[in-house]
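Q: Sequence:
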Amino acid sequence: MKRSLSSTCRFLTVLFCLLVASVVNAQTQKVSINVKNVTLQSLFSAIEKQTNLHFSYQTDIVSTTRRVSLNRQNVTVASILTQVLPDFNLRYELVSDKSIVITRQAAHPAPQQAGAKKVSGKVLDEHGEPVIGATIKQQGTQNGTITDLDGHFTLDAPVGSTLTISYIGFADKTVSAKQGMTVTLSSNVESIDEVVVVGYGTQKKANLTGSVAQVKMDDVLGDRPVVNAAAALQGAMPGLTIGGGSGPGFAKSLNVRGTLSINGGSPLVLIDNVEGDISTLNPEDIESVTVLKDAASQAIYGARAAGGVVLVTLKHPKSNERFTANYNFSVGWERSLNNLEQASLKQYLDAYLEAGYSNSYWAGNGDVAKWRDYLTQYQQDPSSLNTVGDGIFKDTDGRVYWLSEKNLAKNILSTGSINNHNLTVSGGSDKIRYRLSGSLSRENGPLVTDKDMFRRKTVSGFISADVLKWFTQEATLIYTNSTRQSPQNIGNMNGFYSTRLVNYYPEGKIPGEVLGIEEDLPSQTPLNMLTYAPVAQTETSVPRVLLRSILKPLPGWTVTGEYTYNRTDEHYNFYTSRFRFADVQLAAKYSTEKGQDYYRMSDATTKYNALNIFSNYEHTWGQHAFKAMVGFNQEKSYYRYFYGNVLAQAVPSVPSFAGGTGEKTIVDRYSEYTIRSGFARLNYAFADRYLLELNGRYDGSSKFPKDHRFGFFPSVSVGWRLGQEAFMEWSRSWLDDFKLRLSYGSVGNQRIIPYQFTPTMTVNSSGTYLLDGGGKTTYITSPGLVSSNFTWEKVTTFNVGFDLYAFNNRLTATFDWYNRKTTGMLAAGIEIPDVVGTDAPLQNVADMKNKGWELSLAWRDKIGDFSYRLGFNIYDSQAEITKYNNESGLLNDYYVGRKIGEIWGYVSDGYYSLDDFDAEAAKHHTWTLKEGVAKINGFNPQPGDMKFKDLKQDGVINSGENTVNNPGDRKVIGNDAARYQFGASLGASYKGFSLDVLLQGVGKRDYWLGGSALFPFAGVGAGDAVFQPLYYNQTDYWTAKSYDPESSDYMVPVNPNSKLFRIYGQGNNVGSNTRVSDKYLQNAAYLRIKNVTLSYTFPKTWMKKTFVQDAKMYVSIENLATFSHLPKGYDPEGSAASSTANALSNGISWGYPYYRTISVGASITF
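Counted the way mature numbering (1 follows the signal peptide of the UniProt record, and there is no 0) counts, the sequence shown spans residues -26 to -1, 1 to 1140.
Certain hints may be false.
[To be verified] What follows is a list of derived Cβ distance ranges for each label pair: (1) K344 to E493: 57 to 63 Å; (2) L714 to F686: 15 to 21 Å; (3) W531 to T25: 50 to 56 Å; (4) K825 to L714: 34 to 40 Å; (5) L969 to Q153: 36 to 42 Å; (6) Q3 to N63: 34 to 40 Å; (7) S630 to F297: 47 to 53 Å; (8) T25 to N63: 21 to 27 Å; (9) E493 to K384: 49 to 55 Å; (10) F686 to V149: 37 to 43 Å; (11) K1078 to G238: 38 to 44 Å; (12) Q353 to G238: 30 to 36 Å; (13) N294 to L585: 19 to 25 Å; (14) I837 to W531: 43 to 49 Å.
In short, the hints are calculated from the structure, not lab data.
All residues carry an ideal CB built from backbone N, CA and C; glycine is no exception.
Could you build all of it, start to finish, from the sequences and the hints given here?
A: This is the structure in structure tokens:
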């Protein structure tokens, strides 16, 4: 951390010195000019090329006929202007360090038009600060100027003429010219005139007929020091879910509108029109993110758009944008949010005895009762026992007892760090525009090790040149390099993330005298496993080149050609040496299997080429407005993967695959596919109120069999701007616009593995070795059955919604309801007899439907110097299987009517009590249930065991035939699909201070926690309870006041309302008690304060005489607080370590902990 702070300081010092050195008085900059018979414009251009200066002037005052000749070497700009301008009756004025305004000399004013008059004024922002460099133009002319350092301007324009004032980040404002005017610009506010990015073009929000949501990245990102752009989008838009786990560089997943198919279906992510990975981008380079959610807006992308489309638009400078340089940085600290706390050692021993254990399996078969006595003695006086190492006591019988408690989770967690640096320069003239940016991010996770790290470097460049009036050429280059390091589980040492060991196992090394050997060995604790674990490193490089040519042959007609090359190279490697350690049974073991060191590596390369050619034409006459687009798309993707593992390195200090002398394992994979498409779109608007859009795409993909590769995907959508009708005149005072939308269309899903229609054979090696001491046996598997007639999964969506703008666009509301049907999902078409020895081939035989709704609300307002903004969005969806080949209705497979995420389980009826059993038999500990009390199939319950309702009323609790029609005594008790996902934002600004709060959560979700996460000693065999930790939430279990049949308190519970049933060791009735039931179903709904940011923007008046244009500092807290019904230590956004994290099935975190980040930073614009 100290090193990163020191590096930051050095970097800032160097940057400051360079900028100070470069910013000199414009009048003293020197140039060499040798021109003959040129116009003033040419002279100004020659000066601009040799300096960082820019000239502004009214075109009517600078003569294009008079010429000038000049030969001056190494002279100041001021001397040249002073020599030349008086001859033209002109003067110059320095308005900033880089801007010079040319005006007429006051003593010799040029003739003006009748009624013309010089007007002056001042331009301010919402906080009363002057806007420097704002452009003021007289409409219908080239007459214009810019504001100076105080926001003042003077312009030769008639009083009463129309002026347009514009500046980046503010809404354009049109005013009537007058003397001494003051114009206040407002920040860009969402309105019906806002332009929204859609497929292969843009559209005014007022004319949208599909379901489209767009956010500006600067709005959702704000001052948050977010490294992964996808993370910033969580809770920003209804219908978009961001999933994935935690940890430095951990991948995020995106989902649009819930479950699409049983085969999955993530959205298509396009970066400036071409497929890419948003996580490789610097968030500061993103202008906006648009989500196309219904088939009408998605159809233009055809077979790739079934899971939705996410359009990422990068920042591009505008024409005549002044040169700016921005540097922002942040430094942050990370701490784990909540840790799973274990019970005390005394509580553990009590539970151990209650479960029926008398001996400690792992501590030399120590006596548990003695252990408890030794613990009491040790806690009262540690010196009374002759312990060694970390609280290890060996008694006279040679039995070993652990007496020292610690928090294993906290032992492996500390304070992590994160720092970000971003530098951007941009600008442009009327013909050339450019933007360059670079970013560096480094994150050291909160694990106590330097092996937990993520680093990313990103460089991007954009240039656009108007080669001719009708031809523009653009180029974008992005290069991202990232490195992820993480400690790895190896062979016999694993589980340091889950802290699954009990909290009294000794840290450090176990003395050899305890182990019965001469050597002290490290214990198998999470901290030691982190300390000794090898480092796995993944380095990813992603270069991306986009070339775009734009032709405008005729007014309203644009032809665009795009070519993109994208390559991803991922290299993974790690080496582990061999060392000895003491396992939990006090046995000395080697860390790796077979006691050999090994080296593992892999290389994966993806090459992607894309070509887009499309043409747009728009024309308006009278009340009719047409827009038409037609285009062609072709893409090719190539993938190659190599994996190698080798034992016994000859030179361990320089591990390599070639340097291995032992057994080698090699895996090699290759695939490629091609897509070719034609697409078209037609928009028609009548009277700017009645809207129609038609889309169509003809797609072909090599992923499907030859005769089933092509498909046509159309859509139609209509809109009615009801608020513009004459009969809505009564609402004009408050209603700005109200639009109804309706759409219907189809898209395809081609996200499957290539070559599914081709029989393939795989070369494998067995897990056993030849008897003669040779290597593993190699064999080839026979190809399975394949289908040659499957094709796209087809997704059709009906969508209806409305958009509302009211109270001068301060209130905006959007609502959508949709019904999405996925037909022809790929699944096993027919049942294959077991004797065939292979699975059934995939066919288009399954269907699904998904219904849902979305609502988004926003309010912005200003009261004096105080402005505030409120936003809220929520959406819900639920998917159901409508067709599937499961005639018997087995519950462990999909079936018709199954809702995705449903949980089947038993209904709790409390605990068995002594009254449920035959009294006479109970005296002899023989537990016979009375007549009328339901039995449990396969188990003999006792008092304190779980009791379930007999839903079938047949006297036996069982699972029936495990089918929909005969589920036994089970029913649907919940659903683990997230429902009512929401996000809320609150912001306020006052005189430079700004506060932003982001909330995010899920309104309804059930989760079956189950297993050892909830139940003590659950599912373990004889003696294995000692390997299972006891957590703080597992100590309230059923116990009897007495187990003596002669006692009046025999089997009377100490606490009849205990959270947990009676606990057992050695399996016993644990399997019955822990079966899925409603009693232990968890409510996984939550509300998270995702981010709070407080910032302060310094007044521009403070920076008048500096080279700084804007300066801001901020403090930001990510994951401030979480409100959840889950037990402490379980995060509702966590991902199960044993499953793939995705947006639809976030699990409970047994893996990497979620953490809170506190950051401070600053942003400076020069």
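Q: Has the hinted range 36 to 42 Å been met by the Cβ atoms of L969 and Q153?
A: With Cβ atoms ~39 Å apart, the hint holds.
Q: Return holds or violated for the Cβ distance of Q3 and N63 against the range 34 to 40 Å.
A: 25 Å, violated
Q: Could you see if the CB distance from N294 to L585 stays within 19 to 25 Å?
A: Once the Cβ atoms are compared, 32 Å apart, the range 19 to 25 Å for L585 and N294 is violated.
Q: Go ahead and decide if the range 43 to 49 Å is satisfied by the Cβ distance of I837 to W531.
A: 47 Å, holds
Q: Verify the CB-CB distance for Q353 and G238 against the hinted window 30 to 36 Å.
A: 53 Å, violated
Q: Would you say the C-beta atoms of K344 and E493 sit inside 57 to 63 Å of each other?
A: Since K344 and E493 have Cβ atoms about 28 Å apart, the given range 57 to 63 Å is violated.
Q: Note whether the CB distance of E493 and K384 lies within 49 to 55 Å or breaks it.
A: 29 Å, violated
Q: Does the Cβ distance between L714 and F686 fall inside 15 to 21 Å?
A: Once the Cβ atoms are compared, 28 Å apart, the range 15 to 21 Å for F686 and L714 is violated.
Q: Per the hint of 50 to 56 Å, is the separation of the Cβ atoms of W531 and T25 within bounds?
A: Since the Cβ atoms of W531 and T25 sit about 39 Å apart, the hinted range of 50 to 56 Å is violated.
Q: For the pair T25 and N63, does the Cβ-Cβ distance stay inside 21 to 27 Å?
A: 24 Å, holds
Q: The hint says 34 to 40 Å between K825 and L714; measuring C-beta to C-beta, is that right?
A: 20 Å, violated
Q: Quick check on a hinted range of 47 to 53 Å for S630 and F297, using CB atoms only.
A: Holds - the Cβ-Cβ distance for S630 and F297, about 49 Å, lies within 47 to 53 Å.
The structure is inconsistent with the numbered hints 1, 2, 3, 4, 6, 9, 10, 11, 12, 13, although it conforms to all the rest.
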